[in-house]
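*Asks:* In case you want the letters, here they are:
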Amino acid sequence: MTAELDVLAAPARPGRASPPAGRLGRLAQQPFLVLSWIIVLVVIGWAVAPGLFTSYGPYDGDSAAGFAPPSAEHWFGTDRLGRDLFARSVYGAHTTLTATLLAVLVAFGIGTVVGLIAGFGGGIVDTAIMRVVDVFLAIPSLLLAMVVVSVLGYSTQNIALAVGVSSIASFARVMRAQVLAVMTQDYVKAAYGLGGGRLRVLVRHVVPNSLNSVIALAALEVGTAVLAVASLGFLGYGAPPPQPEWGLLVAEGRDYVAVHPWASIMPGLALALVVISTHRISTSYRKEHRR
Amino acid sequence: MLRYLALKAGRALFVVWAAFTLTFVLLFVLPADPVDLLFDPAELNTVTPEVREQVADGYGFDKPVLLQYLARLGHALTGDFGSSVQSGRSVTATILDVLPSTLVLAFGALVLALLIGFVIALAATSTRRAWVRNLAEALPSGAVSVPVFLSGILVLQIFSFQLGWFPAFGDQGARSLVLPMITLAVPVSGPIAQLLVRSFATEFRSGYVTTSWAKGATRGGIVVRDVFRNASLPALTIAGITFGNLIAGSVITETVFARQGIGRMTQAAINTLDIPLVQGIVVLVAASFAVINLVVDLIYPLLDPRLRATLATGSPLTA
Amino acid sequence: MTDTAEERQDPLLRITDLAIDYRTGRRQWTPAVRGAGLHVRRGEFVSLVGESGSGKTTLVQGALGLLPTAARIRGGSIAYSGVDVTGWSDQRMALVRGNYVGFVPQDPNTSLNPVKKIGQQVIEAVRFNAPGARNAAQHREAALESLRTAGLKDAGRVFHQYPHELSGGMKQRALIAIALAGKPKIVVADEPTSALDVTVQKVILDHLARLREELGIGILLVTHDLGVALDRSDRILVMQHGQIVEEGPVRRILENTTHDYTRRLLDAAPARHAGRLVPTSGVRAVPADAAPVLRAHALTKRYHLRGARGRRREVRALDGADLVVRKGTTHAIVGESGAGKSTLASILVRFTSADGGTVHVGDREVTGLDRRQLREIRRDLQFVFQNPFTSLDPRFTVGKLVAEPLQAFGLVTGRRERTARVVELLTAVALDESHLHRLPGELSGGQRQRVAIARALALNPGILVLDEAVSALDVSVQAQILQLLVDLQAEFGLSYVFVTHDLGVVRLIADDVTVMRGGVVVETGPVEQVFRAPRHAYTRELLEAVPGADHTGPGTIRAARANTSIAHQV
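Residue numbers (UniProt numbering), protein chains in the order written: chain L, 1 to 291; chain Y, 1 to 319; chain U, 1 to 570.
Mixed in with the good hints there might be a few duds.
To be verified - Below, computed lysine to aspartate or glutamate pairings styled on EDC-like, alpha-carbon distance capped at 20 angstroms:
no.	chain 1	residue 1	chain 2	residue 2
1	L	K189	U	D380
2	Y	K63	Y	E53
3	U	K185	U	D84
4	U	K183	U	E44
5	L	K189	U	D370
6	Y	K8	L	D126
7	L	K189	U	E376
Stated by the list, open to error - Quick look at which bits of chain U chain Y covers, simulated, 3 or more residues with Cβ under 8 angstroms:
no.	segment
8	121-128
9	172-183
10	329-340
The hints are simulated quantities; they were obtained by calculation from the structure and are not laboratory data.
From the three backbone atoms N, C-alpha and C, an ideal C-beta is built for every residue, glycine too.
All chains should be modelled from the sequences, with the hints used to inform the complete structure.
*Replies:* What follows is the structure, encoded as structure tokens:
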């Protein structure tokens, strides 16, 4: 009787055996995931210390060397004024990524709390919040962000706020769904039965177990927010022209796209790579935490 | 059933009303002096106080906010959102002018996006080769990751400037529609394909597929006969998101290809702070969204016999 | 096929030395089936018995060519009537499946296409396997015929219904009809009744056995329930860790099993015990006049359904149920799905509130207490859930899980004292310190349920309400947990309310039993009395449906048989 029998009967489930060697071992089996992390880390490096990645300054131009194609000297080529586009992309990472970070923080912070209140509060609180969320979901986030920016005024910071505000609703909805799902779990019922008060159960069980998919959404939202920030920059609602910003870089090159395509395409590709990488990371996070 | 209908319709109406109210607060109440927003920022300094007063009077800004709101709401109910600041024409007429052009673009892109989505999902499900499946699963996330302005420029560069197959700009004829449609369809197809790949995979693993295998069905037969319908239903649930993507995408697509349409008009309206026009567009978009979701809610039960049954007998409700 | 000499050479299905691996890493394979062999002859009823993880399902999936993509056949062969089909393509296997071998899947609730009518689904099975071209009317007739053969009397109506409009038993019959539609020579059934109520299970299994007689087909039944296998098979195969450890006719296995694991399975099967389990510490004596610790009176719970056109319908989950639990005893509540037994348990601990009636714990009325008073009551009244995989927070270690109630009530202050108390509790449920820092995901089902019990005991409650607490566990683990519960009861003088659908388990653990059906108490009394002389027809029906109850065997089992035969006569 007892434990060793238990072990004996414990099913050695096929396909559920633990992977070979922890987190690193799993990473080594997914080269694309590793590549994605490298890209994201490098771009974060651009944003934090641009001087380490390029010897050119973002505003140093030589009009004689305008519209040079990509070469060993100018990796992304140069723009109309002969400014190095790689350097402008590197310095632009700061503007774009800071805005993205702010946007995701706003959306994640407010959205999660709102969703938690709706899901945990239930009843009329839930109904009221969800109807408001409906309204925000009904207006496409780019459109909403454009309206918000037009009220706040044009600047990268306001773009960030606008993008963040326009994503609050989707975070709130996901968080609420998670909270509702977690609250029906036996272990939450058990926690009440074991004498836990509402606050205790909320803090110890409901919130930690609900956060996983919201974090996955946040990872995804980083990509979406980069796109939204760049799109608004492209449309001209962000930083004014001499400043390097990814969307603006593409917009500046756009006028000459027929003759000098790389001026638009290279910064655009850098942007696309970052977004693809964040998607890949988000997907792997979701897979790992799926229950 | 009637109750369900009334509830859904009520929600749709609420969304439209709330969108109107939200834009009213954002555009007419929050700005310190809404009159400022009515003028081109460059000319603002040259405007005399008399003119300002006249304008404020004309828009009713001197009245209490609540009265302004009620007056605007009353007009909006009759389809009157005032007139555009820039052109002076009625907002409704201005929107109606360019609406068909965007509708054609959006509808074409939607059909193309659905096609892409289903092809990817079917390829991922039907194949026995792991690399085809992996590729098909990776494509959608690539589709949503490439910014529309970049893919637009790439498409322009390749098919218009290099190959010269299609005109680069403008909105004359069907040929000019091809490139914008492709550009718009790609990002819209991403989420659709992602959802379909996932739901095809889930359904393909489900119990009734095992039953079909056991009946002696072949892989292709199972995908077509059993999986397709069950797996396609969830695509309806993201109709709203798809609509949002179409609108957002058309703003950029129409800008890149210099096409006339709601998207480009929205951008122009925001740039010139044409408040009545912006409000009209937002309310129109929200209303379309609400109608689309209402339609989805109503036809979903027709396609899923289980839901039909719940509606007929009612759902259990804890007392 | 009719030639008996030929038949002796080539059984309907012969699996030889089959080995199947699952992919667990990039180049890593874990064996699930190792060198298993079996055969089924014409007209033979063979059962494959094993606990979860034994590889029994993988084995039959391999035989049918239905393995998931992560699995591969490493060696061995599969032959149908002497034709080796190992390594056949999906296309070729499609001709074998349905035509030659029919398959009845495990869960009828997910195994039918929800958006297609039953008739159409059966017609497909007919059409795939129809010899020669036939027209739609003939297909339809054949499908109806198949539905009738599967025991659906109202085949015409079922034909036009969707799966969700049928009960679980009817769905399983429809699946049997699909399996039979191709006129197969052999039917493989993978746990066909484990999702069904015991009375329905009996009917379905009886029908399978009858089909074997009438159609002369071979049947391979996969089951975890040794009782089910003993009742109906000609031969039994026992599987463990991917290997077939024992094979033989039912009688030989019962009388003279050679294998230790089979012996343990036989002993663990609840239906094969006559009386209550005895605590390891020795026989206990419960005074016949023990005072009631928990009383429920006239409990009623209604759920409202919003009907069409504003009509409101009501479902009575509980309709005037009474219950009295005596101190230091186990009171079992038994019934099939929809009986209201879980609702009753949930009301007792106030997870759900009743619409009417009262619950008393000792002298205190629980109904209508506010949150704070309820919390006090819960120190004395604890609950153990059915599924140990969902009742433990996956992010908490065992130590934190068991300490949680201590912290919630601020009982034991100081880290060291708390750990000491937790270890003490773990020891009581036969776990130890080494488990303290493990997560639930790293424990087996039985270990998790032990943790759940340890947690429930942390507050020294007098009463434990256990809702199907052993139903999710394998039979040998189930036996251990039941023994543990009996031991704990003897040690701490606990009173149990034990909700279960399994009458065999009731016999093992309960002193009193309440039989429920449709929210109403059908019969209540001491287990001895109710089982020996059931007064209600439904109780009798339930008792008769218990599989594996009437097999001769050593010791106590004869007494069990005597019990049931008396039951039959009443």
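*Asks:* Would you mind marking each hint as holding or not holding in the structure?
*Replies:* Checked hints:
no., hint, result
1, K189(L) to D380(U), "holds (17 angstroms)"
2, K63(Y) to E53(Y), "holds (12 angstroms)"
3, K185(U) to D84(U), "holds (16 angstroms)"
4, K183(U) to E44(U), "holds (16 angstroms)"
5, K189(L) to D370(U), "holds (17 angstroms)"
6, K8(Y) to D126(L), "holds (17 angstroms)"
7, K189(L) to E376(U), "holds (17 angstroms)"
8, 121-128, "holds (count 4)"
9, 172-183, "holds (count 5)"
10, 329-340, "violated (count 0)"
Violated hint: 10 only; the structure is consistent with all others.
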